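K.L.:
Sequences listed follow chains F and H, in order. Numbering-wise (the UniProt record's numbering), the first sequence opens with residue 1 and increments by one. Numbering-wise (the UniProt record's numbering), the second sequence opens with residue 1 and increments by one.
Among the hints, erroneous ones may be present.
As the list claims (entries may be wrong) - Beyond 12 Å from chain H on every Cβ pair, some chain F residues (computed):
id, residue
1, 72
2, 217
3, 311
4, 332
5, 342
6, 429
7, 563
What the hints assert, rightly or not - Here are some, though not all, of the chain H residues that point toward chain F, as calculated from beta-carbon distances under 10 Å:
id, residue
8, 225
9, 227
10, 251
Claimed, not checked - Think about it this way: if two alpha-carbon atoms lie no more than 30 Å apart in a straight line, the pair counts; the simulated DSSO-like pairs of lysine-lysine are:
id, chain 1, residue 1, chain 2, residue 2
11, F, 530, H, 289
12, H, 289, F, 295
13, H, 163, F, 472
Bear in mind the hints are in silico, worked out from the structure with no lab data behind them. These numbers come from a predicted model, not from an experiment. Note that CB positions come from ideal geometry on N, CA and C, so glycine has one too.
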Amino acid sequence: MSRHKLVKALDLDEELDDFNGGAESDYDEVSAGDREQLRLGTIKVREMLGDESGITNQEIEDSLWHYYYDADKTVTYLLSQMSNSQPKKSKKKKTGDGKAKAIGPSPDDVVRKAQNTKKPAPKAVEQSAPPTIGDKSINGIVQGVSEITIEDTKVKGKNLDVLAEFKKSKPRNAANFVVIGHVDAGKSTLMGRLLYDLKVVDPKTLDRYRKESERLGKGSFALAWVLDQGTEERNRGITIDIAMNKFETEKTSFTILDAPGHRDFIPNMIAGASQADFAVLVIDAGTGNFESGLKGQTKEHALLVRSMGVQRVVIAINKLDTVQWSQDRFDEISQQIAAFLTSAGFLAKNLAFVPCVGLTGDNIVRKADDPKASWYTGPPLVSILESSEPVTRALEKPLRLTVDDVFRGGVQNPLSVSGRLEAGSIQIGDTILVMPAKEAGAIKGIEVDSEPSEWAVAGQNIILHLAGIDAKYLKSGDVICAPLAPIQCVTSFKAKVLAFEHITPMHCEIHKGRLHAPGRITQLIAQLDKASGAMIKGKKPRLIKPGSVARVLVEVDNPIPLEQGGRIILRAGGVTIGAGLVER
Amino acid sequence: MRLIKQSIDRDGSGNITLFPEEPEDMWFAYNLIRPGDRLRASAIRRVTTESATGSTSSQRVHINLLIAVEKLDFDTQSAQLHVSGRIIEETKYTKVGQFHTLDLELNRNFNLEKKEGWDSVARNLVKEACDPVKSADVWAVIMQEGLAHLAVLTGHRTVLRQKVEMTVPKKRGMGRQGDHDKALEKFFQTTMDTLLRQIDLTETKPILLASPGFIAQGFLKHVLESAARTGNKALLAQRSNFVVAHSASGYLHSLNEVLQTPEVLARLKDTKYARETKLMSDFMESLFKDDGRAAYGPREVEQAVEKGAVGRGGGVILISDSLFRSQDVCVRRRWVNLVDKVRDTEGGEVRILSSTHESGKQLEGLGGVAAMLTFPLEYLDEKEEDEDLITNGDTNVITS
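Based on the provided sequences and hints, a complete structural model is requested.
P.N.:
Here it is as structure tokens:
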């Protein structure tokens, strides 16, 4: 029997050798999580057995595997084995020695030793309730990992205390803002100008854009091309998808999320707005354009960002040169917009107005040099952006990241995802769980704002390079979460909804950031009081009128990851019919 | 469907022999045949005979069987109808009481006798099924970036044939645009391959392409370009059959909106589904006006009919055909009576919507039945609803 075991041990050894040969990212047979458990378990068993036992690491590991990492059982088993095989011991030892000579200390052990010395002390391990499963399936890994609770938030990799690192790094203020407004209000051009004047884009590139856009007969779009990188976007002269750009001022590092204004691309705008801390609302001051915009996406966008939790809005009243920098026009627009935004639930103190011209750059980074604009004495746009207050992040919460994009990050990283870390922290080596696929993977690399990093915390825009998971399990809108505290997937939920349009039981799409899914409102449960949120007694509503609040039951065909308190947008027929909070 | 023989008495009893000609007719049969009915159709049954010596031999025999229907099963994709029940007439090979599942076949007669008699809805359905004017089938491709639904619309059904889902990377700033364009190209190619597998290029049917933004245009461009490149003449000949329209999303329920766009209406004005979609949107409009002249849900509509609000001069009742498919005879009778009352006593209009079209699904969301009223009933509704609440508590869930 012991011979049998030896053969098995040898096999495993070879396998482990192979693992070491094939980089660190091998999770096929014995996962990283399992190996980690084995290592911790071995240390513990060694402590229990003392030094005098002639048992090899391999045997301990084997038994640990057998007993699903239960150290106590392993020790009993090994001791009984020792007493049983006492007569045969010499023979066994011989073979064991032979093996040791042939192979020497397994490379794996060397690595492990190195890891042990690098770390001051092995983490305290609490053995939880008897484990129930131990096969090598992915589920096993997840459960296995959840069976050890380690005091630190991290399992392996460099085992950094990310939050301490984050504090140490003295982060400068970081803020994401989404640029919203009606189609052709000049959002992209304004941001292009901002980036150009802040020297994020060099004049050479812009010259090239200018030449190319003139060739297409769209000379005035050159600045917008800084953000509109898509082929289709450039040919048609409109923004289709969110563009993400970064710039830094002395105090703050900003991320611009340039949203499309066209109504067809509102799902993309929702994705951008869900990542924003505050919003810049761009308004076309041109005669007639403001009025048509107010009916159009100016209104819809503003309501959307409000319902997604954005509190602060900077209103850039653009293209003022087309109305000769008329102060009356500026005042008129400001008043109307302020009235509308306050009625939509924004506080007046969180609104700021700037007159500007995106195309020429007046009042963007520098003050306007047009003498007609001398009536405006306030600061230019960039200074107003800087006055934004830092936002508190949910650093201590369990990891949540909504996948914005799945792509090939390069030759080294065949599978990468990008997104904004909504809550928690993450570091290289962490095991993550992708919902709704329920597939586990590991973090191979992290990029924070396009710079390689060891870790990332909530609020940062990151790229994760993944290993040990297939691309088919990932799509934009999925949620990456901690295996210990996974997000729940639901097929039906109750939501408190503010109606933008008439709501009846109907088909609709559910949007949450990048996530969108087809579903149905199946039941109007109750009409709610707008101020107190209490149920209005009496009749069950048959129709929810725009502007009123109601509790509805929503069903979706396929499970979607949604949490209580999640902010969702309901859309049907190309219009936003309501926005709400998930209740259950 | 052809009507071969009909012998229905004044009291509704009697039987009908029908001859299904095309897959669509199976859908009619599915709506027509109810549990309890007697169905006679040809069948192939394996018969095992035991000889005197005890050896058994089995053979397949063609026989005509009469069964009492117990269960129906309709396969939407292949349009096949399986009707199972007990045999009620002894034949050479079968005994009474044995079970058999009849697979109704095209181009073979079947004879149906209704247990509850031929009511108005059933008779109208036969009339409709035997209408020689066939509505044209239409293909629809509803897409958005990375998602496409391929569906075929026939007169009475919308069948989702295939769903294409792919990950298309988003735009990624400088120099990385290639990824997106390449993935989009691949998505178009996959969708096109899927479409070509589904459609028969020798037929000329309209093909609707709909999407938000420019995806549909881009797809059409891709189709025509690759047809020209590969010299696919059959596909190029379809050029005039493509109709590009706008939809709010790539999900199938956007089809509703597509069917109301002017481009599409111009091509498909007099089709049943376009009419149904129009009816449904008219109803929604009337509901949103909130003037009390729109009612939905079983209870509300029944009340409205009782009050005489669904009568001459604009009263219309919309009802989903799924309500008539109820396994429960009483439930079916309830709806047949309602429909009869509106049509015969009140003089209102009755429109039976197909539950597989998107407009029908929308109606099912509202409880399967809705009505446009001739006069407002708001006040009464509220009162009745209150009573409902008292009697039923919170359990008055909309049935679907």
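K.L.:
Any Cβ of chain H at or closer than 12 Å to residue 342/F, or is the non-interface label fine?
P.N.:
The claim stands: residue 342/F keeps its Cβ more than 12 Å from every Cβ of chain H (closest is about 27 Å).
K.L.:
Given the hint that residue 163/H pairs with residue 472/F, test it: the Cα-Cα distance must not exceed 30 Å.
P.N.:
Status holds; Cα separation ~16 Å.
K.L.:
For residue 72/F, which was marked as not at the interface, is the minimum beta-carbon distance to chain H over 12 Å?
P.N.:
Non-interface label stands for residue 72/F: nearest chain H Cβ at 47 Å, farther than 12 Å.
K.L.:
Hey, residue 289/H versus residue 295/F, does the alpha-carbon distance stay inside 30 Å?
P.N.:
Judged against 30 Å, a Cα distance of about 20 Å means the pair holds.
K.L.:
Would residue 429/F pass as off the interface with chain H, using Cβ distances and a cut of 12 Å?
P.N.:
At roughly 26 Å from the nearest Cβ of chain H, residue 429/F sits farther out than 12 Å, so the non-interface label holds.
K.L.:
For the pair we were handed, residue 530/F and residue 289/H, check the Cα-Cα distance against 30 Å.
P.N.:
Measuring from Cα to Cα gives roughly 22 Å; hence the hint holds.
K.L.:
Would you assess whether residue 332/F, listed as outside the interface, keeps its beta-carbon beyond 12 Å of every beta-carbon in chain H?
P.N.:
holds (32 Å)
K.L.:
Does the closest beta carbon of chain F sit nearer than 10 Å to the beta carbon of residue 251/H?
P.N.:
holds (4 Å)
K.L.:
Hint residue 225/H vs chain F: min CB-CB distance below 10 Å?
P.N.:
Violated, about 15 Å.
K.L.:
Holds or violated: residue 227/H as interface residue toward chain F, Cβ cutoff 10 Å?
P.N.:
violated (21 Å)
K.L.:
Closest CB-CB distance from residue 217/F to chain H, is it above 12 Å?
P.N.:
At about 19 Å from chain H, residue 217/F clears the 12 Å cut-off, so the statement holds.
K.L.:
Determine whether the non-interface label on residue 563/F survives the test: each CB of chain H must be over 12 Å from its CB.
P.N.:
holds (23 Å)
Hints 8 and 9, counting from the list given before, are not met by this structure.
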